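Trainee: Sequence:
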Amino acid sequence: MSSQQHIVMVAAENGALAGGKVGGVGDVIQHLPPALSRYGCQITVVTPSYGTLHRAPGARQRTAVTTPFAGKSESVKLFQVPTELPNKSIRHWVLHHPQFAAAGSGVIYASHDNDPFALDATKFALFSQALAELLLDDPEQQPDAVHLHDWHTAFLLLLRAAHPRYAPLRAIHSVFSVHNLALQGVRPFVEGEASLQAWYPDIDLRQARIAADPRWPSCVNPMLAGLMLADQVHTVSPSYAAEIMQPSDPEIRGFSGGEGLDAALRGVHAEGRLHGILNGCDYPNPSQRAERARNLSGKRTGALPDIRQWSDFLAACSRELSRWAAQKPVLRSSHFVAGQRVHELANRSVLRLLTSVTRVTDQKVKLLLQSGNNGRSALDNLLDGLGDDGLYGLLGSGQGDYEHALTQVAAERDNFLFLNGYSDALANALYSRGDLFLMPSSFEPCGISQMIAMRHGQPCLVHGVGGLRDTVTHGKSGFVFTGENLIEQADNFVHAAVDALNLQRGQPERWREIKSQAAAQRFTWDVAAKQYKAVLYAPAPSVTLV
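Numbered by this note's numbering, the letters in the sequence shown go through residues 88 to 633 in order.
No lab work stands behind these hints, which were simulated from the structure alone. What you are looking at is a predicted structure, and each value in this text was computed from that prediction instead of being measured.
Keeping only pairs whose Cα atoms sit at most 20 Å apart, straight-line, the calculated SDA-like set for lysine to any residue is:
no.	residue 1	residue 2
1	Lys620	Asp318
2	Lys164	Thr139
3	Lys164	Asp224
4	Lys620	Pro325
5	Lys602	Ala514
6	Lys602	Arg592
7	Lys164	Gly145
8	Lys108	Ala189
9	Lys620	Asp231
10	Lys620	His362
11	Lys453	Asn579
12	Lys617	Arg125
13	Lys164	Gly106
Work out the full structure, taking the sequences as your base and the hints as a guide.
Mentor: Below you can see the structure in the form of structure tokens.
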């Protein structure tokens with residue numbers, strides 16, 4: 088036995104496993120457990136296999152569990168998977184079933200044009216029930232707390248609250264983390280194969296209706312289930328915790344708040360269960376920085392190239408564009424336009440480099456394409472202010488309509504380079520080489536890109552929302568804009584960018600101070616883990632990992 092707390096951490100993503108990450112949730116699940124282990128926690132991380140994660144080198148099957156699901160008996164296998172940086176206080180579990188790869192091998196999230204969340208919700212409903220069975224298997228070895236991340240895992244809370252078989256699990260302390268309230272996984276209670284009653288025929292629907300969506304009462308909202316049924320609810324920044332208690336008003340004010348769940352969140356806050364704790368960022372120590380520098384030199388297999396010179400950066404762009412283009416039988420227009428721009432840039436001097444590394448989604452780039460008072464988009468106005476001797480380089484992929492819109496701007500403006508994909512090498516180059524990092528997110532639960540850019544000494548220009556507001560201080564470590572509506576936000580974003588560029592040109596000493604302040608900021612996982620331990624997890628005796 089051990090005095091350490093045992094936390095079962097459940098998520099759709101795990102960045103510690105190759106192929107297990109899509110976005111910020113994966114980063115959290117990768118970096119939070121090691122920090123918690125330094126504060127006396129033992130962590131078991133659990134994710135679905137998606138048809139691939141259980142096949143990682145060194146993975147071994149520990150057991151299999153039989154669970155009732157959708158009127159059938161399903162066998163779900165449990166694998167323990169090693170990581171590149173083993174930690175005796177952390178183990179990584181992967182649950183495997185063919186349903187977890189229903190959207191394709193390795194696909195974590197599936198899009199749904201005609202039936203939103205149907206495939207994913209079924210997948211995560213089975214995943215949650217299999218985990219519930221595992222937790223029931225050995226009552227003597229139950230964890231001190233189960234920490235669930237986003238709607239994908241909240242079915243576990245609904246099962247223990249409304250299904251008689253899983254009532255014993257109510258004794259386990261529960262924590263529910265909200266990473267992105269915009270995605271809630273709403274499904275019908277009783278209609279169709281992807282409904283709560285179809286998955287769990289023996290669930291008490293009367294009790295389950297505590298999670299009825301306030302907008303569609305005939306539907307269950309797993310995000311709401313997490314909010315209503317967890318012992319503690321957590322969001323990934325203090326400002327986001329405050330924002331989601333307000334109603335959303337995206338069309339007029341450009342504000343994303345509670346996304347229909349603000350009343351429930353105000354109730355959670357009144358009960359003292361809502362906590363905003365800022366995510367952390369990885370800050371290499373001197374020996375790690377030296378190791379990273381050796382890796383970046385390209386001397387090791389698979390290492391990132393050291394893109395120090397402009398010509399090296401352009402060459403890296405060309406390589407990545409060729410690689411992306413080769414993945415499809417037809418050349419995408421975005422890659423063609425970017426290739427032309429890279430060729431032209433070889434014969435141009437670039438004095439100022441604006442950068443973004445982002446997902447190309449409504450949340451991240453809508454404001455770039457928003458029209459200002461002059462009727463032109465914020466992006467066009469920004470490029471006007473940047474001038475011919477500057478360049479805005481944006482790296483990212485996502486929604487097709489936004490990708491097309493950015494490609495059109497890139498074809499018309501020779502000071503805009505849209506790299507429509509993702510590459511660690513190019514991301515590292517933009518973070519480390521840029522003069523000003525742009526992050527005009529409509530909302531941002533926490534954000535990691537601004538922390539990485541600041542870590543490299545690149546000041547950031549951010550929208551004053553969520554975690555961006557909590558990490559960037561206007562005029563000291565970067566620049567912050569706000570606005571009462573979408574048009575004002577678009578104009579203020581451009582004005583702030585132009586002001587920052589003028590400061591760089593006219594006051595170099597002041598600019599160096601801001602760069603230095605940006606590089607000096609520290610948002611560590613150790614600080615976050617200490618708050619998790621003190622605020623979110625119940626202080627109880629624990630079991631030893633085996």
